[in-house]
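Enquirer: Residue numbers (my numbering), protein chains in the order written: chain A, 1 to 127; chain B, 128 to 679; chain C, 680 to 786.
Hints were generated in silico from the structure; no laboratory data involved.
Note that the structure is a prediction, hence the values are computed from the model and not measured.
Glycine included, C-beta positions come from ideal geometry on N, C-alpha and C.
Incorrect hints may appear among the rest.
As the list claims (entries may be wrong) - Calculated cross-link-like contacts (lysine-lysine; reagent style PhoX-like; alpha-carbon spacing at most 25 Å):
#  : chain 1 : residue 1 : chain 2 : residue 2
1  : B       : Lys479    : B       : Lys554
2  : B       : Lys228    : B       : Lys155
3  : B       : Lys554    : B       : Lys488
4  : B       : Lys479    : A       : Lys121
5  : B       : Lys281    : C       : Lys702
6  : B       : Lys488    : B       : Lys289
7  : B       : Lys236    : B       : Lys196
8  : B       : Lys280    : C       : Lys729
9  : B       : Lys488    : B       : Lys311
10 : A       : Lys88     : B       : Lys289
11 : B       : Lys280    : B       : Lys196
12 : B       : Lys181    : A       : Lys121
13 : B       : Lys289    : C       : Lys729
14 : A       : Lys121    : C       : Lys706
15 : B       : Lys311    : B       : Lys228
16 : B       : Lys228    : B       : Lys196
17 : B       : Lys161    : A       : Lys125
18 : B       : Lys554    : C       : Lys729
19 : B       : Lys280    : A       : Lys125
20 : B       : Lys289    : B       : Lys236
21 : A       : Lys121    : B       : Lys554
22 : B       : Lys280    : A       : Lys88
23 : B       : Lys158    : B       : Lys228
24 : B       : Lys281    : C       : Lys729
25 : C       : Lys706    : B       : Lys280
26 : B       : Lys155    : B       : Lys236
27 : B       : Lys228    : B       : Lys488
28 : A       : Lys125    : C       : Lys706
29 : B       : Lys647    : B       : Lys479
30 : B       : Lys311    : B       : Lys479
31 : B       : Lys196    : B       : Lys181
32 : C       : Lys729    : B       : Lys311
33 : B       : Lys196    : B       : Lys281
Claimed, not checked - Every beta carbon over 10 Å from chain B, so not counted as near; a handful from chain A, in silico:
#  : residue
34 : Ile77
35 : Gly83
36 : Leu117
So you can see what is in the structure, the chains are spelled out below.
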Amino acid sequence: MTSRIILTVTRVLFPFILLFGIYIIIFGHLSPGGGFQGGVILATAIMLVIVVYGHRRFQRFVPYLLFIEIIGVILFILIGVSGIASGKQFLVNLGTIPLLNIIIGVKVFSGLVLMYLFLSKWEIKND
Amino acid sequence: MIDHLPIFLIITPLISAIFLAIFSLFAKAEKIQKITAFIGLFLPFFYLTLLYQKLSNGIIEYNIGGWTKPYAITLVIDDLTFTFAFITSIITFLSFIYSIKYMKNKDGKFYFFFLVMVSGLYGIFLTGDIFNLYVFFELTVVSSYILITYGDKKVSLKASFKYLVVGSLASFFFLFAIGLLYIKIGLLNIEYLSIHIHNIDTQTQIVIFSLFLGAIGIKAAIIPFHGWLVSAHSTAPSPISAILSGITVKTGVYIFIRIFALGFTLQNLNEMIMVLGAITALGGVIGALVEWDIKRLLAYHTISQIGFIIVGIGAFSTIGLAGGIYHVVNHAVFKGLLFLCAGAIIYRTGTKDIREHGIGKTMPVTLITYIIAALSISGVTPFNGAVSKSMIESSVYSYPIIWLILVFASIGTVAHFSKILYYSFIKSHKNLQKKKYQEVPLSMQIPMIILAFFCILLGVLPNLWLDNLILPASSSILSGYSVIQIKFLDPLHIIKEWIIVVLGLILLKVIIVRSKEIDKLRKLISKFNLNTCIFIMVTTLIFILIFLKIVN
Amino acid sequence: MINGLNISIILFLVGLYGIITNKNVIKIIMSLSIMGNGVVLFFISLGFVKDSIAPIILPGIDNIVDPLPQALMLTMIVINLCLTALALTIVTWLYHEFGTLDIGEMK
Numbered sequence: 001m002t003s004r005i006i007l008t009v010t011r012v013l014f015p016f017i018l019l020f021g022i023y024i025i026i027f028g029h030l031s032p033g034g035g036f037q038g039g040v041i042l043a044t045a046i047m048l049v050i051v052v053y054g055h056r057r058f059q060r061f062v063p064y065l066l067f068i069e070i071i072g073v074i075l076f077i078l079i080g081v082s083g084i085a086s087g088k089q090f091l092v093n094l095g096t097i098p099l100l101n102i103i104i105g106v107k108v109f110s111g112l113v114l115m116y117l118f119l120s121k122w123e124i125k126n127d
Numbered sequence: 128m129i130d131h132l133p134i135f136l137i138i139t140p141l142i143s144a145i146f147l148a149i150f151s152l153f154a155k156a157e158k159i160q161k162i163t164a165f166i167g168l169f170l171p172f173f174y175l176t177l178l179y180q181k182l183s184n185g186i187i188e189y190n191i192g193g194w195t196k197p198y199a200i201t202l203v204i205d206d207l208t209f210t211f212a213f214i215t216s217i218i219t220f221l222s223f224i225y226s227i228k229y230m231k232n233k234d235g236k237f238y239f240f241f242l243v244m245v246s247g248l249y250g251i252f253l254t255g256d257i258f259n260l261y262v263f264f265e266l267t268v269v270s271s272y273i274l275i276t277y278g279d280k281k282v283s284l285k286a287s288f289k290y291l292v293v294g295s296l297a298s299f300f301f302l303f304a305i306g307l308l309y310i311k312i313g314l315l316n317i318e319y320l321s322i323h324i325h326n327i328d329t330q331t332q333i334v335i336f337s338l339f340l341g342a343i344g345i346k347a348a349i350i351p352f353h354g355w356l357v358s359a360h361s362t363a364p365s366p367i368s369a370i371l372s373g374i375t376v377k378t379g380v381y382i383f384i385r386i387f388a389l390g391f392t393l394q395n396l397n398e399m400i401m402v403l404g405a406i407t408a409l410g411g412v413i414g415a416l417v418e419w420d421i422k423r424l425l426a427y428h429t430i431s432q433i434g435f436i437i438v439g440i441g442a443f444s445t446i447g448l449a450g451g452i453y454h455v456v457n458h459a460v461f462k463g464l465l466f467l468c469a470g471a472i473i474y475r476t477g478t479k480d481i482r483e484h485g486i487g488k489t490m491p492v493t494l495i496t497y498i499i500a501a502l503s504i505s506g507v508t509p510f511n512g513a514v515s516k517s518m519i520e521s522s523v524y525s526y527p528i529i530w531l532i533l534v535f536a537s538i539g540t541v542a543h544f545s546k547i548l549y550y551s552f553i554k555s556h557k558n559l560q561k562k563k564y565q566e567v568p569l570s571m572q573i574p575m576i577i578l579a580f581f582c583i584l585l586g587v588l589p590n591l592w593l594d595n596l597i598l599p600a601s602s603s604i605l606s607g608y609s610v611i612q613i614k615f616l617d618p619l620h621i622i623k624e625w626i627i628v629v630l631g632l633i634l635l636k637v638i639i640v641r642s643k644e645i646d647k648l649r650k651l652i653s654k655f656n657l658n659t660c661i662f663i664m665v666t667t668l669i670f671i672l673i674f675l676k677i678v679n
Numbered sequence: 680m681i682n683g684l685n686i687s688i689i690l691f692l693v694g695l696y697g698i699i700t701n702k703n704v705i706k707i708i709m710s711l712s713i714m715g716n717g718v719v720l721f722f723i724s725l726g727f728v729k730d731s732i733a734p735i736i737l738p739g740i741d742n743i744v745d746p747l748p749q750a751l752m753l754t755m756i757v758i759n760l761c762l763t764a765l766a767l768t769i770v771t772w773l774y775h776e777f778g779t780l781d782i783g784e785m786k
């Protein structure tokens, strides 16, 4: 039973929290922040919406989030191996640190939202 | 491409885990998943054979990220690493083949966590940076928490939770010690630490070593810190138990060798560690007196054999350290074989209590491989346990009390394994008339036969393995290469072994006759829950700290 | 007297006391979390240098605190998050199997 105030305020605040999270991811290599921190903020934004509006209508996104996670790991290892292909060691800095930050941010966001969606299936209704 | 082999050794199981995850999004993909996992576990063999040629030129080092040596995360392969990685590749590959038929659930998530755990194990053995060791440790241990829950539901969840809390405590102690080392020395590379550690004052060295001993004691299950091991290893599914008892407990021993080789300048360290090892060796055998569950018996004997290894390493002489490392290799092989045999019996009879087995002669391959493994762990001559146990015992001749405790532990080991042999195999149970048990499927027999073959091979040709595998490993820790020759069929050792076997059989008769008083002991031991375990661990750590402060 | 190192040791001991005495499983996980935060605070206050500022390298600034423990702690916070999530999943499963959250009654 969520009240009118909470529904409205969530709908207004949601894009600002998303924008703040994206800002922290992208500026991670110059100022405090980075992949993990920005990913957690993005996940907080989505989880606020899921908590307020009920988790049942978001269960259909689970296969897409799994797909994003797998793509993230493949891209990460590809960037690492491209360090080997270009003649130097694994994970050498070819100017790819902002790209790694973005991949980690997307992966952390999808991982945390998946964790919440899976755990909320076990919820016990106590009325 | 040969230059980049160290990092490929860690990444290959991870890449095949990712491909497994991709294939799980499609339907009906079990065969491709198993083939992917097979390739991911078989390629490290190939890498290790290539690395062995390269290793004879010197230590292989590899800096991740292109940075220079003291500031980078380095992957170091020397002979000790090669020994542990070699045994890891064998045990995990054979355990995977065993688990194809054993695991009854048909989804691919089990193999995903299996591959991630294997990747973490290679990472622990290969890394040369102490914080990277912590990271790979957490990767391995988190995967094993998940893999344990694939056993029987109720008991394995409780065991996994207990293991989780205790393992996190060990990680926190480890991190405190890393922090103290960092603030005194300034870099995190293990080689750099071992050069500069004598600059630290003695009081801080005492605190650092006690915290390391707490973390290592929990991970390697030395006696005051052992509370998590019996329930975790006995409720896991059998191939996972084989890897956990064979390799994951040995990572604690590996870290112990590395930390001990950093060169703490404290007095009386060797004696304290040997006393802890002797108590562990005896305590594991005493704890197994009351058990009738086959996997709990095997888990208690893991604790006892780790006690032998810690005694051998604590002596820190050439023969002691070589004996300890050889016993690591031998224990992984015969304990893996024992858990696979136990899994075969449970697969066919459905119960873990050995009083209800009574298989008799209907499973011949299991019977023969079990007898080979039981003779190995008891230390009878043509098999591999005899060589390493006699090396460890001959390194403590100058401490007669510790030698006597080790002999008592050997007697108890013989007694318990003949107990399992008698109840599970020889004594026929009434179930045998109701249904006939057949032998387990072929893909479960092959790993057992290969491991039994290794048991015999490691015992009959000890000098081959010593010269090429074990002595280079121990001489990379102790400077100076020395040559040990094992005299095969030495009559004094054979007489000692058979005296131990006879005394063990007498002890078995005592156990069978007096089983009622022993059951009362069981009610005493089974009161230890999570809170008591952690309280005992913290108290022992404080005692170790006080002891070291008094002595120095 | 009140600096980061002492407070972090007190936090760690509070968490340790929580693990030893609590019977409710959720409280044990919370105590583990407190211990983890104690270790994080310990590491970050190890790198403290007197009269220096945050480690953002701009031209002309050279008295910064040590940035290496902060990088190590990022890794550690991620690992603690994963451990807490796994512990909560196991606790949820335990509650559905046994019906109680008390670790003494689960035998």
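Enquirer: Work down the list of hints and note, for each, if the structure agrees.
Expert: Now the hints, each set against the structure:
no. : hint                 : in the structure
1   : Lys479/B to Lys554/B : 16 Å, holds
2   : Lys228/B to Lys155/B : 17 Å, holds
3   : Lys554/B to Lys488/B : 10 Å, holds
4   : Lys479/B to Lys121/A : 34 Å, violated
5   : Lys281/B to Lys702/C : 18 Å, holds
6   : Lys488/B to Lys289/B : 39 Å, violated
7   : Lys236/B to Lys196/B : 38 Å, violated
8   : Lys280/B to Lys729/C : 54 Å, violated
9   : Lys488/B to Lys311/B : 63 Å, violated
10  : Lys88/A to Lys289/B  : 44 Å, violated
11  : Lys280/B to Lys196/B : 48 Å, violated
12  : Lys181/B to Lys121/A : 53 Å, violated
13  : Lys289/B to Lys729/C : 42 Å, violated
14  : Lys121/A to Lys706/C : 22 Å, holds
15  : Lys311/B to Lys228/B : 52 Å, violated
16  : Lys228/B to Lys196/B : 46 Å, violated
17  : Lys161/B to Lys125/A : 40 Å, violated
18  : Lys554/B to Lys729/C : 75 Å, violated
19  : Lys280/B to Lys125/A : 24 Å, holds
20  : Lys289/B to Lys236/B : 23 Å, holds
21  : Lys121/A to Lys554/B : 49 Å, violated
22  : Lys280/B to Lys88/A  : 48 Å, violated
23  : Lys158/B to Lys228/B : 13 Å, holds
24  : Lys281/B to Lys729/C : 54 Å, violated
25  : Lys706/C to Lys280/B : 23 Å, holds
26  : Lys155/B to Lys236/B : 14 Å, holds
27  : Lys228/B to Lys488/B : 23 Å, holds
28  : Lys125/A to Lys706/C : 22 Å, holds
29  : Lys647/B to Lys479/B : 21 Å, holds
30  : Lys311/B to Lys479/B : 51 Å, violated
31  : Lys196/B to Lys181/B : 20 Å, holds
32  : Lys729/C to Lys311/B : 17 Å, holds
33  : Lys196/B to Lys281/B : 49 Å, violated
34  : Ile77                : 6 Å, violated
35  : Gly83                : 8 Å, violated
36  : Leu117               : 17 Å, holds
When each numbered hint is compared with the structure, violations occur for hints 4, 6, 7, 8, 9, 10, 11, 12, 13, 15, 16, 17, 18, 21, 22, 24, 30, 33, 34, 35.
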